[in-house]
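Produce the entire structure from the sequences given, and follow the hints as far as they go.
Those sequence lines, one after another, are chains A and B. Numbering of the first sequence is given in this note's numbering, commencing with residue 33 and proceeding in unit increments. Numbering of the second sequence is given in this note's numbering, commencing with residue -5 and proceeding in unit increments.
Note that these hints are calculated values from the structure, not bench results. Here the structure is a predicted model, which is why all the values come from computation and not from measurement. Be a bit skeptical, because a hint or two may be false.
[Said to hold, decoys possible] One-sided excerpt, in silico: chain B residues whose CB lies under 8 Å from chain A:
1) 6
2) 15
3) 48
4) 59
5) 82
6) 86
7) 87
8) 129
9) 131
10) 167
11) 194
Even glycine gets a Cβ: it sits at the ideal position worked out from N, Cα and C.
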Amino acid sequence: MSSGGISGALIARVAALSVAVVFFQIGVVSEVPVFGVNVDLSPLLVAFAGLLCGSVIGAATGFAVGLLVDLALLQTLGVTSLVFTLIGYWCGRLRELRDPQAALTPLLVGAAASAVSLIGYSLIEFLLGVDAPVSLALLRQIVLGIVVNTIAALPMWAIVRRSLEGALPEDPRRRRRRRAYTTGGLSPLSRP
Amino acid sequence: MYDKTVRRRRAVLVLLVVLSLLLLTAYFGEAPSGRLHGVQRVFLTVVSPIQDGANKALKPVRDMFGWFGDTLHAKSQRDALLKQTNRLRRELVADQAEKGSYRQLLAIYHLDQLSVNAYHPVTATVVGKSPTFWYATVTIDKGEAAGVRLNDPVINAEGLVGKVVQVASDAAQVDLITSPTMGVSARISTSTTTGILQPKLGDPNDLLLQYLPTSAKANPGEYVVTSGTLASGQDSLYPPGIIIGQVTSTNEESAYRSVNVRPIVNLHNLDVVQVLTAGRGTRASKLAGAVAALPPGQTSAPGTAGGEQLASTGAEG
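Dropping the structure here:
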């Protein structure tokens, strides 16, 4: 059963992947510091779900992953959901409007998603009134966080794409093949 | 058709954003015993066995990554530890002579009943950790069922780790000493003047011992320990003498002196911790309850020994 290209199989796969990634993040990745900061796979997952599945699935995944993270870590409910919803929607719109195919796209999207996540989160926490001395170290943490998340973006992209392949509303690779076919470049009839 | 798709897409976005804001507002406005907090505790109770299982299954993976980091730092750590061992050996010889008389004094004034030995340590395994520096928290696999209660201090073999801030039946959340919400009443081990130890946001390897009088002396390498008094605005009474960190540098300010402190505990790699639970009816439990019930301003003020007097009074009562 599908509605607007969104099938039950796709939703099930995204849900299973989200749960697995969140628990892997909490149980393993958060325990292993890289350059003094932790890799955060959750915004990468949300961004890539949006980039592969579109804005509606991206926003919904962002909300659900954010809620799961806030529930599991007893954080302020709604903060992560809000930030991740916007990340997922924005990445989905990027796919719908531009459909970028460059090899570096996941890297750039991962970096942007991490930046939005870290800066957005910090802004909301400040608005909620954190009573703590703030120094340049905070800026360093944000920059380092973006760098290590960008490093993790390509393997994460491969995992998300492999997990969702086959259930995507419109497989970009298939679409590329179709484009090439219609322009005549790879037509089986033209092969010797 | 196109309009319908656009409308649906925008409706989903607006719905989810509004839902997030509603959750945020409701959660932020309610008391810790409120409904949404309760939902979180129930969720933690449900997922803690899964987290525990996943933690055990994935421990080899975590250890493998940790091994690389440990190896890189091994040589410098070994050199620093050799120097430290030599210094501590000299100090041990000097201190042993004073130890006997100190114990006798403690027993006379009943202060030994407020030390770590007065608590019942509950050993717990860390099963989850927050990835963001805004929440320096870990989740442990012991909760109310094991006697863990709100605000219980948490330590490990190295020193102070944090305190319990949320409790479910079989799990609890611990705020680490680097959490922005934490403040610990502490002193330099060679001095009796207390200050408030708070984290520096964004720098997990640096704490700030604030509000020390300008006459207070602090040399790099000296240990900072819990004072056993209550920090203003905090609800946890940490037993005195738990090591927190080492002094790295001092800062002169107008009216007070502050000291930079490097945590002694490796908070990035917590595996097993101990929750210091005070059994009901014990002197430590009664004192913690009495002090927590005091109105603001009645607890120890920064830089004074008011809390010390309070602890002594409670011990005698």
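Hints, verified against the model:
no.	hint	verdict
1	6	holds, 5 Å
2	15	holds, 7 Å
3	48	holds, 5 Å
4	59	holds, 4 Å
5	82	violated, 28 Å
6	86	violated, 33 Å
7	87	violated, 37 Å
8	129	holds, 5 Å
9	131	holds, 6 Å
10	167	holds, 5 Å
11	194	holds, 6 Å
Comparing the model with each numbered hint stated earlier shows that hints 5, 6 and 7 do not hold.
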